[in-house]
Amino acid sequence: MIGGLFLYNHKGEVLISRIYRDDIGRNACDAFRVNVIHARQHVRSPVTNIARTSFFHTKRGNIWLCAVTKQNVNAVMVFEFLMKMIEVMQSYFGKINEENIKNNFVLIYELLDEVLDFGYPQKTDTGILKTFITQQGIKTQTKEETTQITSQVTGQIGWRREGIKYRRNELFLDVLESVNLLMSPQGQVLSAHVAGRVVMKSFLSGMPECKFGMNDKLVLDKGNKATDDLSKNSGKPSIAIDDCTFHQCVKLSKFESERSISFIPADGEFELMRYRTTKDISLPFRVIPLVRDIARSKMEVKVVVKSNFKPTLLAQKIEIRIPTPLNTSGVQVLCMKGKAKYKASENAIVWKMKRMAGMKESQISAEIELLPTAEKKKWSRPPISMNFEVPFAPSGLKVRYLKVFEPKLNYNDHDVIKWVRYIGKSGLYETRC
Amino acid sequence: MPTVSSRGDAMRGLAVFISDIRNCKSKEAESKRINKELANIRSKFKGDKTLDGYSKKKYVCKLLFIFLLGHDIDFGHMEAVNLLSSNKYTEKQIGYLFISVLVSSNSDLMKLIIQNIKNDISSPKPVHVNLALHCIANIGSAEMSEAFGQEVPKLLVSAHASESVKQSAALCLLRLIRTLPDAMTYAEWASRVIHLLNDQHMGVVTSAASLIHTLSQLSPGDYKGCVSLAVSRLSRIVTSTYTDLQDYTYYFVPAPWLSVKLLRLLQCYPVPEEPAVRGRLVECLETILNKCQEPPKSKKVQHSNSKNAVLFEAINLIIHIDSEPNLLVRACNQLGQFLQHRETNLRYLALESMCLLAGSEFSADAVKKHRETVINALKTERDVSVRQRAVDLLYAMCDKTNSEEIVAEMLAYLKKADYAIREEMVLKVAILSEKYASDYTWYVDTILQLIRVAGDYVSEEVWHRVIQIVINRDDAQGYAAKTVFENLQAPACHENMVKVGGYILGEFGNLIAGDERSSPLVQFNLLHSKFHLCTPSTRALLLSTYIKFINLFPEIKQTIQNVLQNDNQLRNADVELQQRALEYSQLSSITSQDVLATVLEEMPPFPERESSILAKLKKKKPASVQAIEKEEEKMKKSPPSIENHVNVPKEVPANTVSRLTISNSVDLLGLSTPPATPQQSTNSLLVDVFGSVDQPVAPKPESNISKFLFKNSGVLFENNLIQVGVKCEFKEHTGRVGLFFGNKTGNQLQNFSASVSMGADLQGKVNIAPQKEAPTQIDGGAQVQHFVNLECITFFSGSPNLQLRYQHASTPQQVTLKLPVIINKFMEGTNMPAADFFNRWKQLGQPVQETQKIFQANHPIDTEAAKTKLTGFGMSVLINVDPNPDNLVGSGIVKTKTSQIGCLLRLEPNKEAKMYRLTVRSSVGEVAALLCTMLEEHF
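Protein chains in written order, with the numbering used here: chain W, 2 to 434; chain Z, 7 to 945.
No wet-lab data here; the hints were simulated from the structure.
Just so you know, not all the hints are guaranteed correct.
Sample of chain Z residues facing chain W (criterion: CB under 7 Å; computed from the structure) [what the hints assert, rightly or not]:
id : residue
1  : SER25
2  : ARG28
3  : SER32
4  : GLU34
5  : LYS38
6  : ALA45
7  : ARG48
8  : THR56
9  : PHE81
10 : LYS848
Across the chosen pairs, the derived CB separations fall in these ranges [what the hints assert, rightly or not]:
id : chain 1 : residue 1 : chain 2 : residue 2 : range
11 : Z       : ASN296    : W       : ILE51     : 56 to 62 Å
12 : Z       : GLY520    : W       : ILE51     : 22 to 28 Å
13 : W       : VAL421    : Z       : ARG28     : 49 to 55 Å
14 : Z       : SER525    : W       : ILE51     : 27 to 33 Å
15 : W       : LYS342    : Z       : LYS160    : 56 to 62 Å
16 : Z       : SER246    : W       : ILE51     : 56 to 62 Å
17 : Z       : LYS422    : W       : ILE51     : 27 to 33 Å
Just so we're clear, the structure is a prediction, and the values are computed from it rather than from any experiment.
Virtual Cβ for every residue (Gly too), placed ideally from N, Cα, C.
Turn these sequences into a full structure, and let the hints guide you.
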């Protein structure tokens, strides 16, 4: 189990140190600083073993988060906890940086007392934590409130309290996906996958039971078989999900047996599920690079970008980053659309477009002047990377239904106002040149 | 441009850039800023723009700074080279700096650079020349020394060059010589370089002294003249007051660096011959020693540091000269004062120099006066390195008179010594105790204590050495066995102790077996209790010990065999252990006691050679041993130390144990000498032990018969064609002899015949009847059997003959052998109480019935071995009959068809004289005589 948790700033100064177990000494935080933060060689492994003590670290901006243990713990559990901890802190005071941590250190210690008990992770759900760890000073709680909190925290449904009432029953579903791609210069896909999340924001009264359905291939095939080829290919494409995880509210037993996702939602915003697909990804953009050495001190780069989705949709925040050689001495850029600039500090040409419709094509050409160098080291030609945002799910995931049942209160599925939104973003979207 | 001059040399851009980088919050921000700056510089260095010298200098400076931050710089070299041709000093300086830091020696630009340097070297401005010389020295490549190997010496000795140029030239040349010592000829300008020591300018002299020091090491002959110059220069410095050499006086010490260099230079040459020079040198050294007695002129640490630096170098020179007793003793006294100085560095240096002084014959006694202080330093000193020096010094000052005390102190210190120096200390203690041991009990005690205190640091060599010495010294063996036994009784003892114990008890355990507290079984149990805690190599050694125990103490044979035959040994995963266990258990169960006794004979003395420990110490610390080496030479002349005590036997008998065991993991005592060739008889014994067929040809067939006196089967005869094995069974007066004829060739042996015949003396006494006809041919590689039945009618002497005839490759061959049918084969042992024995003994009292022989022992006198032999002979050995336990009595009955002849035997060993008295009484006098003769030669 986790023996202690440290937060450092970029210089390696300890901002937060909380030790949960006696087997972790005070010198553990120094050991991590010396061997990882100030290490001569950059430490790439997220887990470091120093003197039979394991250090699990992750970095957010300039802040190092490090969990320490002497036992043989489940590393994935520790990292999951660290991520949750980051999420909790973000929801309490926004961005994680040195300033915010210093301003909120009392709160952070309070949180750390609550989320870990003798090194065992406890409640990390933000919504619940916020009911009893507040930033508005200490307010005296009535007896009822205290008992309510107690029963809530110790009860079976820890993520939702009873007696919630809304005038308007409303829910929002966001399907957020990020596409990762590595493509060869010839346009061959070397690797591609989509990491997606379904985020739900619910404002529902009582203790409603919800059922969520999407075009999961397994479910659809099963359904088709049941209805006996009646609508074998009802025109709706289905997707194969490689793996997925759910929020704790989802009844896993039901998912195991029927593959139906049913749950009593947490109040407010929460992440219903996470998934990953690798098959049949519709790539929103295609980048075609053309790099040519004209002379010893000159080269020409031409990049064509094609959008590959319905013309009615609009992609946004498009940014293409074309790396330049390290001995670039001058760049002339010419582009028809958007703005392009040579950024010397990043050794790249950055081309930005506000929006681009589907099935369009755009082009940039640049002339790069080079300075002769002492050693003829070959330039490693890093890939061209791209950032964008599109209003559909590149994996092809579709929400088929989200049904709400609340037997005790008098509203039914039809009364609930539902909103669904799809956002596809770029992860590492790279094309070699 | 007017702005250029107004900007001056401030290089504001550089300052801004540096402060920007200092202000960066994170690494990422820093690298962004640097990338931006690099892009900016690249755009500035682009070919189409011309830059003024100032901007070039500024950008090259920025590049240098970026490089020093750890980033790669692969451009800007050309601009830097361009800066060299500038006329401004600052621009040139930055250009040279960039080149010496960044340009690799195999760059294409080197030619251009060399051209620029050449221009500067011949420039009239001394600052430019200096810059060029610094650059040459900083690059210091082979190419540089080729290009300027001739130019720089010219500058050095030229009449016009300024002092600062000469200074730089000397140091530059030094660097070039170090990179390429053979590229230059030194002789032509040797005398002029030497005379630089007479230069007015002290700076020139200082740098020249360094140069001459290196040159004189390369070609001592050419620079011999520097000695007198150096001495006179030194004396001028030493005798000057501190006001004379204004700029070169450092905290009231006149030119300390130069003095040190000159003193070092003088150490390169032997003591000057001319009395004048020599006198002056001695005078200088005395002055230096005198000055140390004066009260310090300043309390500043720099003052004492520089003064002591000169002093220590002077002491080094005194040690180097090594012929001035007066000076040596004075130096020693001076160092003695430092031994208790509160400055740690001084104590360290004092101990180090004393170590050297201890090696000199004049000052050795003076050093020994400080023994108490040094021992005290060992105990109280806080600094590890100083303690180590103290150990070195103790080691160096040790002699016969103080060895016991010093070794005791070192042993005491060893307990709390720093881990890093323990191994070395262990070696030193081992060497000292061995070298100065007057008494072997002391030596054994010391080494065992050493193992107890610092077992982990006792290397193989140390305990090997103990065993070598114990084995070579008869008088130490008993004590060693006793002490080792006592040490092993400690609940936790080190593995090295187990090794020593195992070996010594295995060899000499019998010497302490008389005491019932260390009876054989106790010894064995003690060793075996440690067995499971040891590493395989130690276990292997212990297994060897066990088999030696079987030989030494036959009474615990069964216990040991049980251990050997335990599955833990026989099926051990370690091949070596498995093999040993298997071989030893076979060896102990198959062979008779005398074979065992021969195989496991006591280890022969080791041939004397250089102590392996000393060799090891030499390898570890070449310098510190030299002092001891000197001692050693003296020791060789003077009488006794252990090494001289030990008598060296020239020939080494067969070391059968180590031959038997394929000892790959344990080199028993690191025997680097090849094992001596075993004697033939031993070899044939080995053949029997393993019943092997492929052994080399046994020698004369006739000699083989005697070994069958004690056993009934074995190889009777073997040559390269045929092997004859024999297996006999006897019951009362009948017997059956099985003969096995093996054809060793690939071809058939034809016309084979085997006939048993009796000489005239046996006619009628023994009946012989072959069970079947002997085979007439033997196929290649095959073996045939042939059985012969015997009947003993009456007693006989001698044995029947076996005649073999066969034809191989169409040449007839004939072999005559003695069959191992001897009268004693028909003897059966009888047990009887003591009273019966004496009754019968008296009954056979007639002179005819008794034969007595007194003879020299052929083998070491060993009661157990003798018992086994007698049992094999057919007698039963009667216990508790003779009042003297060493004496053996036996009885048996020779059963023939016609009569039964009772025999009684008494064997009395005399250990002091190594003699035996053998008395045999029998109802038939001739039988007594016969048995007596047969037995005689086997004891």
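Okay, the hints, checked on the actual structure:
1. SER25: With a closest approach of 17 Å, the Z:SER25 hint is violated.
2. ARG28: Violated, about 14 Å.
3. SER32: Holds - the Cβ of Z:SER32 comes within 7 Å of chain W, reaching about 5 Å at its closest.
4. GLU34: violated, 9 Å
5. LYS38: holds, 4 Å
6. ALA45: Constraint on Z:ALA45 satisfied, holds at 3 Å.
7. ARG48: Status holds, d = 4 Å.
8. THR56: This interface hint is violated because 15 Å lies over the 7 Å limit.
9. PHE81: Z:PHE81 check passes; min Cβ-Cβ to chain W is 5 Å, inside 7 Å.
10. LYS848: violated, 83 Å
11. Z:ASN296 x W:ILE51: 56 to 62 Å: holds, 58 Å
12. Z:GLY520 x W:ILE51: 22 to 28 Å: violated, 60 Å
13. W:VAL421 x Z:ARG28: 49 to 55 Å: holds, 52 Å
14. Z:SER525 x W:ILE51: 27 to 33 Å: Violated - the Cβ-Cβ distance for Z:SER525 and W:ILE51, about 55 Å, lies outside 27 to 33 Å.
15. W:LYS342 x Z:LYS160: 56 to 62 Å: Since the Cβ atoms of W:LYS342 and Z:LYS160 sit about 59 Å apart, the hinted range of 56 to 62 Å holds.
16. Z:SER246 x W:ILE51: 56 to 62 Å: Distance hint for Z:SER246, W:ILE51 holds at roughly 60 Å.
17. Z:LYS422 x W:ILE51: 27 to 33 Å: holds, 30 Å
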